[in-house]
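A.B. asks: For reference, the chains in residue letters:
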Amino acid sequence: MSNQVTAPQAPPGLLADERLRRTSLLSRLLSRPELGAVAGTIAVWIFFAIVAGSGFLTASGTNAYLQVAAEIGILAVPVSLLMIGGEFDLSIGTMIGAAGMIIALLAGTYGYPFWFGIGIAAIFALVVGFLNGLIVVWTRLPSFIVTLGTQFILAGVTIGMTRHLTGLTTIGQLDVAQGFAAAHAIFATKLGGVYAISIVWWLAIVALATWVLLRTRFGNWTYGAGGNAEAARNLGVPVARVKILLFMCTALAAWLVATIEASSFKNSDVLRGTGREFEAIIATVIGGTLLTGGYGSVIGPALGALIFGMVSQGIVIAGVDSDWYKAFLGGMLILAVLLNNYIRRRVGERR
Amino acid sequence: MSDNGAKPLIEVESISKTFGSVLAVQDISMKVTAGEVMCLLGDNGAGKSTLIKMLSGVYQPDSGRYVVDGRQVSFSSPRDALAHGIATVYQDLAMIPLMSISRNFFLGEEPTKWIWPLRRFDVARADAIVRKELAQMGISVRDTSQPVGTLSGGERQSVAIARAVYFGARVLILDEPTSALGVKQAGVVLRYVVQAKQRGCGVIFITHNPHHAWLVGDRFTILNRGRSLGTYTRSQAPEIPVVERPAAPEITLEELVSMMAGGRELAELSHELKGVGA
Chain A
3 MSNQVTAPQA PPGLLADERL RRTSLLSRLL SRPELGAVAG TIAVWIFFAI VAGSGFLTAS
63 GTNAYLQVAA EIGILAVPVS LLMIGGEFDL SIGTMIGAAG MIIALLAGTY GYPFWFGIGI
123 AAIFALVVGF LNGLIVVWTR LPSFIVTLGT QFILAGVTIG MTRHLTGLTT IGQLDVAQGF
183 AAAHAIFATK LGGVYAISIV WWLAIVALAT WVLLRTRFGN WTYGAGGNAE AARNLGVPVA
243 RVKILLFMCT ALAAWLVATI EASSFKNSDV LRGTGREFEA IIATVIGGTL LTGGYGSVIG
303 PALGALIFGM VSQGIVIAGV DSDWYKAFLG GMLILAVLLN NYIRRRVGER R
Chain B
2 MSDNGAKPLI EVESISKTFG SVLAVQDISM KVTAGEVMCL LGDNGAGKST LIKMLSGVYQ
62 PDSGRYVVDG RQVSFSSPRD ALAHGIATVY QDLAMIPLMS ISRNFFLGEE PTKWIWPLRR
122 FDVARADAIV RKELAQMGIS VRDTSQPVGT LSGGERQSVA IARAVYFGAR VLILDEPTSA
182 LGVKQAGVVL RYVVQAKQRG CGVIFITHNP HHAWLVGDRF TILNRGRSLG TYTRSQAPEI
242 PVVERPAAPE ITLEELVSMM AGGRELAELS HELKGVGA
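Protein chains in written order, with our numbering: chain A, 3 to 353; chain B, 2 to 279.
Excised from the complex, chain A in its bound form (with noise of 0.2 angstroms):
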């Protein structure tokens, strides 16, 4: 690539490759927002290997950690998106509660079919996501209050919605809806017996995230809305919609794992899913994408949602007290948080 340097004057300073090439693999490597998430994967896994031993090597020990990381992947891949995209979306939480006693209500309270439940639910955890971008684009508020405002509201509406049309706040024997059956064949089967379908859920969530977010334009303009907003718009690129998007496909996330659990559980509570959010967040943000917008990946997250599953459950069969968990978890966060800054300043600086 050097030698079609044909320009007559070109500056002798870049030319300067020898003493450039020199950083480009480290540099290449650094510059990769998965690789502390593909570093922290490979560490965690051997140290349960060892740690919890047998139990955690297991089919049904790898389904344990497999389905919790499935879960919280599917929201973390949206979630990133929209990260990059430089928002955020703190009501995905409690959409999950909302969109579960959306299905529960219509399919089980009411007899309708299963899957108008799972309609009903879908369009309005759009009609959310959609509500959230459009206030977030015409306020420019901060997303974080306008999604934590969405947040209460969803939590308060299903509470309150729900006790006052049945009294309670589980809604059970959903099995007994329509269409029920092969709601729970595509939602929550078990594959080959062990392997809980959420997890191909999860990795075809993984595999079109990747795609879009590499290979169109629509991921270009993510990375450019959330890199810098009032430069993306010079450019043409249409940032508002692109962020409302975005937050429609965070609550499309919320509203699928609000599905997976109703199948799964065959009931709904008004609670599910509270502070799935900050899971999310956290799995996110092990996984190299910046808070800050602009910088990130679908794998990395993917993987931290894998590291977070993987603690989850690795404690519990090594029988270490999953008190500890939550301080763990805290303690991965900030480390990544520390490692994200050290190669932001990397790329940022290195001139």
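The set of hints was computed from the structure by calculation and includes no laboratory data.
Please note that a few of the clues may not be correct.
[Stated by the list, open to error] Now the in silico label distances, taken between C-beta atoms and shown as ranges:
no., chain 1, residue 1, chain 2, residue 2, range
1, A, 196, B, 119, 30 to 36 angstroms
2, A, 142, B, 114, 22 to 28 angstroms
3, A, 242, B, 64, 28 to 34 angstroms
4, A, 44, B, 129, 32 to 38 angstroms
5, B, 129, A, 322, 49 to 55 angstroms
[To be verified] Computed footprint of chain B on chain A; a stretch qualifies when at least three of its residues, placed anywhere within it, have a C-beta under 8 angstroms from a C-beta of chain B:
no., region
6, 219–228
7, 237–250
[As the list claims (entries may be wrong)] Covered stretches of chain B (chain A as the covering partner; in silico rule of three or more C-beta atoms under 8 angstroms from a C-beta of chain A):
no., region
8, 107–117
9, 121–132
Each residue gets a CB set at the ideal place from its N, CA and C atoms; glycine is no exception.
With chain A held as given, fit chain B onto it using these hints.
C.D. replies: Quick look at chain B alone, frame taken from chain A:
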């Protein structure tokens, strides 16, 4: 008009803009022809940025004519100006540091292949084009997927200029492209300013550094407190007639520096400081 041949690409006549009671730009006339570098000089608050924001479609002038290719225009947005081939490279908004060079280069204008829903950003073609365009400008990049943040400030500005030229800019408005740069880096950018000119662009080069302007400029318009102090040509250059005067007066670097720095004010200041020091 008393032009000898060269028709201006863009031309403004008696353009003015006020913000409330502040007269930001008053009665300024200037023009740019293809293949020339027109330097717009002025201290902070001289009205440089207001003027270029009018040229680039961010603001609409309150009065005066804005003519592009001989036709009067009124731009409603920067996109509108861009569609007429007028591209602005802002100092701080030129590039998104964490995005790769190729992704930055094509942001908003990504080449695609295949059809929806499989339509995808043609990364290979983007990389090839970027490499070729940058090579033409004399920048050799090691890896087009490296983040723009790893480029030097001068290279970043240069890539932004290359992008504007690639996407068909005929008039390039460069907002202080050298002001945050060291001597060497500024040299990199100035080289690309000349290259853009040689490729037939009309360049409006905004700066408050007369030394940089002198290195690349063909003509110099000096702004002071929202008004034009006149347009000049280089003293050794063959005389180029200017619209607003039968013949543009010539100027030497020393005179340019002195006008820019506010020679009289500077003399007063040095007098004052001497008084303080004594």
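A.B. asks: Of the numbered hints stated previously, which ones are contradicted by the structure, given in increasing order?
C.D. replies: Failing hint: just 2.
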